[in-house]
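Undergrad: Given chain A's structure and the hints, the job is docking chain Y onto it.
2 protein chains.
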Amino acid sequence: MCGIVGYIGNRDAFPIVLKGLKRLEYRGYDSAGIALINDDRLSVFKKQGKVDALEEFTIGKNLSGNIGIGHTRWATHGEPSDRNAHPHYTNSKKFAIIHNGIIENYAQIKAELISKGYVFHSDTDTEVLGNFIEDIYTNLPNKSVEEAIRFALKRIVGAYCILVVHEDEPEVIYAARKGSPLVIGIGKGEHFLASDATPIIEYTREVVYVNDYEMAIVRKDELILKNLGNERQEPYITKLDMQLGAIEKGGYDHFMIKEILEQPSTIFDCLRGRLETQNPSIQLSGIDKYKEQFLTGQRIIILACGTSWHAGLVAEYIIEELCRIPVEVEYASEFRYRNPVVHSGDIIVAISQSGETADTIVAIDQAKKNGAIIMGVVNAVGSTIARLSDTGVYTHSGPEIGVASTKAFTGQVTVLILVALKVALEKGTITKERFNQLCIELAGVPDKVQEIFVQNDHINKIAQKYSHLKDALYLGRGYNFPIALEGALKLKEISYIHAEGYPAAEMKHGPIALVDESLLSVFIATKDPYYEKIISNIQEIKARKGMVLAIVSKGDTMISGIADDIIEIPEIDELIAPILNVIPLQLLSYYIGVAKGFDVDKPRNLAKSVTVE
Amino acid sequence: MCGIVGYIGNRDAFPIVLKGLKRLEYRGYDSAGIALINDDRLSVFKKQGKVDALEEFTIGKNLSGNIGIGHTRWATHGEPSDRNAHPHYTNSKKFAIIHNGIIENYAQIKAELISKGYVFHSDTDTEVLGNFIEDIYTNLPNKSVEEAIRFALKRIVGAYCILVVHEDEPEVIYAARKGSPLVIGIGKGEHFLASDATPIIEYTREVVYVNDYEMAIVRKDELILKNLGNERQEPYITKLDMQLGAIEKGGYDHFMIKEILEQPSTIFDCLRGRLETQNPSIQLSGIDKYKEQFLTGQRIIILACGTSWHAGLVAEYIIEELCRIPVEVEYASEFRYRNPVVHSGDIIVAISQSGETADTIVAIDQAKKNGAIIMGVVNAVGSTIARLSDTGVYTHSGPEIGVASTKAFTGQVTVLILVALKVALEKGTITKERFNQLCIELAGVPDKVQEIFVQNDHINKIAQKYSHLKDALYLGRGYNFPIALEGALKLKEISYIHAEGYPAAEMKHGPIALVDESLLSVFIATKDPYYEKIISNIQEIKARKGMVLAIVSKGDTMISGIADDIIEIPEIDELIAPILNVIPLQLLSYYIGVAKGFDVDKPRNLAKSVTVE
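Chains as they are written, first to last, in my numbering: chain A, -10 to 602; chain Y, -10 to 602.
The following block holds chain A by itself, in its conformation from the complex (with noise of 0.2 Å):
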């Protein structure tokens, strides 16, 4: 959250800024800004909203400068407006400050500054952070503002990148991160900073991934980096290997709906090469590396926060199922706040799309601290996670903008049932009959998500029909229980109607008190063992007078004769259906937001990768 920006070199930094924060903005989208260094002159534009309302804003003003940093903003303290929007000025008004985190003990520092004679002009922590570097500046013998960064970052709680810009050197752009993600792009004679890659990649495929706790002093030819002591670190560059054609709509209405139709191919990218059917069998080289410790591992802890831990509850089911490993899914940012029992040789999953999500980091941290290994499953590569875990299995999702997540999470599932299958067969867990059909069946999921999406005007028409709905229920059991969750967290993120997801026999236990004529209960209802219970649930819900929407196994006579729509999924094994079966939930979400009139790819409140705790 939080999309961050700079540019140093020959050319105009404003357009460069600005549309890199466009690539940004899946970020945040409250308020955004840009400061821009002229002739020796710092100037600062900004304003809340989009960064579509900036550049209105900006027309005709004089946006010269070779020198520029850009913030689109996801509140933390103080609510979305110009005033609260970044870069913000110092009193002396020659620092500008970007700032991505939340400082905890801002109020201290501000307590302080005010009684130095401070005035703030906002309600940000990141103001309070300028003013401190500023103070410590001014009290410097030597005035360095290099120094004086390292000394102010030393004595703040919290987390952050930030970027820093001072009128006073017209030749730099200060960067530090802890916690919050930053990659520095090295062109010729130029300099590119953001939150991640997606603004970069047009300009040069070389970059640099600062770490935490690492300061950037960048100059147009020159990139400086050192830890938080004053040592100078060997900047690390890696290579970009990401399509500018992947993170453009190509067409699309939006993000979203571009991404959910790119599932056959996105899960094919990720079964292809390690999937074979011929003779079935699974490569995961990521899994040889630490087979020993899979085949004899006593726990399995998954990481996770949002739709990642959504893919992991189905992972312990499957886990647990094939592999016969106990499996514990922890919310990443309860488990880190805990004392969890972890124990050497405990096998920790960490799932995340960008692989920056803050809470996810610091408790993969804390788990490696006791001895456990760390497996990342995360789509953008080279990311935080990627780069800290052991061993890892990517998803080939290729980037995901829409800021609901769709084709990642298909991705984490079918990656993890393949690390599920793999472990399976090594541990003697499953039988090779079993373990060729599953991987006959997964390799058949690409062709069946696209035999969902001939049903997909049907399904806009069940869209518009429950458009007005206010609340509804998902309802799913085994496998399609956490299906349920993630299908009410989609409907939830993208058409703000109150959506909530449980197991289908929890249902009784209070949530059917919320039953009556306007609430919509969809059931995720194909055939497994759990059929039988299911329609004795829908049969509950309709003696009290509820809506039904059921997804369910083609050719199912049965519920079609009690539920209100019903929308068909392909028959494949129980174990591996859940990731159609989620297919239409996105596809109702999507086509309910558009319904609405919501921008689905920028829903309100929300920003992508999570990278404030």
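Incorrect hints may appear among the rest.
It does not matter which identical chain is meant; a pair holds if it fits inside one copy or across any two.
Pairs of lysine to aspartate or glutamate, EDC-like flavour, derived with a Cα cap of 20 Å [said to hold, decoys possible]: (1) Lys459 to Glu506; (2) Lys459 to Asp505; (3) Lys585 to Asp505; (4) Lys522 to Glu319; (5) Lys543 to Glu430; (6) Lys516 to Glu93.
Hints were generated in silico from the structure; no laboratory data involved.
Given the structure is predicted, the values throughout are model-derived calculations rather than measurements.
TA: For chain Y alone, coordinates are given in the frame of chain A:
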């Protein structure tokens, strides 16, 4: 769910059965009905709505008869209506049947019966079972009702407690159970049958708990128990230890408020004889019996549903912290249908207020087969789970009649803290100092709960303010995350407001999209290590103009400056705080429910003990 009552003796059956139904109404109140046998003639009275509606409907009718069976329904198959109400006649009108449970293969049996010419007057599975018995009866050469029932029960799939009467045998009530509870009270020349003991205690204290797969042939002066193999079973007579006053409202408007306000004494009762504070120690014979297993156990699996599941989540945090044993909390309904990994020596903790929760019963049955030790945390003495468990600790909360569980929850958490403390001390994973401190803090809980009640008027005012609410989020971290879930569940159950609980940090991964001026976020934000983080979360909500109600520690000035409303909780160790923090959330739900004019003891669609799957 569904309450069943029967009487056979020399008194008028109707008033006894009617009064019994009122006592059991917490189990369901969609419709009610009574069948009587008078002068060898069977008559049935039934009505949609609560038992009061039935009573009104029967005014002026001939209600004589010394044999009666009655039913108050929680609908599973078929909407609540007169025709779907129990008892159901069979086609000959000679049989009447009442039933609690679900017959899963009813559709197939119904089709067979229809092909034989049977006609159905309701949508229920019960009527199918009744006619199935009749069909068998008709074709038996010896025309034995007993044999017909036995035959039928062997062919059906599902759960049941049934009572059957037949016009040609006006001196017998037939009863049978599998998965749904049944108690028979033994009087002088009379017998009382019921789903639990509450309708019985004013007549007799001697009862027999019927077991699964048992059938009872009940005459006024004879009680015969048989298994389905037609072998006689010796009835095991138990003495009831329950006060009549405990199951009456005693001057309060509702059972719910009575039970909330009882908590200082129910928690005290739960601690009494177990917690010693002079020289701090804990006596729990249920743990002593299996001490070795608790000290060496590698894993604890907690099985529960609904509110009890929330108590289990609190326990997970506490047991892991104090005892360093990994804990997994499972929905019983999910656990039982999977093939979960359970090893010999694992400890299963089953939590259930009623001790009759169907899914939990089956789940522990399964775990037992894998060699796990079962510890029950149950309120109802002598209930099925109490009897199935290897060991256990009663919560001693007294009968809980309000459908929304309150005092049972705090009893469960109290018991689980006692267990964790005792095991931790024995294992040496807690210092004696910390143990002593927690014992003393725990002993202070009843007084501190009482202290919270000083704010009842204040909480009622807040309830009035928010009674128009449509949606709410309940947010907490750590020990208070499950309290957020429980608070949300209470509001759903009693006020039909769509409230949802989340770990506070997960908010940013989706739910925050719901936040606008009309949504209330309830934060549990008492002083603990998460305090600073929770403040950041509150800021994030306020930045998006959401309303905030915070449960805070007494004297908190920081949050009172940010939140719209606060409720104060006496200072207490964070580990024990959940017991206190849930109290204002119970009160808030109660007052909002009352403000909205709802019958808070009988919330729509719900029933107390969930004895169907």
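Undergrad: Decide, hint by hint, whether the structure agrees.
TA: Hint check results:
1. Lys459 to Glu506: This pair counts as both: shortest intra-copy Cα distance 11 Å, inter-copy 16 Å.
2. Lys459 to Asp505: both (12 Å within a copy, 14 Å between copies)
3. Lys585 to Asp505: Classified as between; 16 Å across copies, 23 Å inside a copy.
4. Lys522 to Glu319: For Lys522 and Glu319, only the inter-copy Cα distance (18 Å) is at most 20 Å; the intra-copy one is 28 Å.
5. Lys543 to Glu430: within (16 Å within a copy, 59 Å between copies)
6. Lys516 to Glu93: Between. Shortest inter-copy distance 16 Å satisfies the 20 Å Cα cut-off; intra-copy 50 Å does not.
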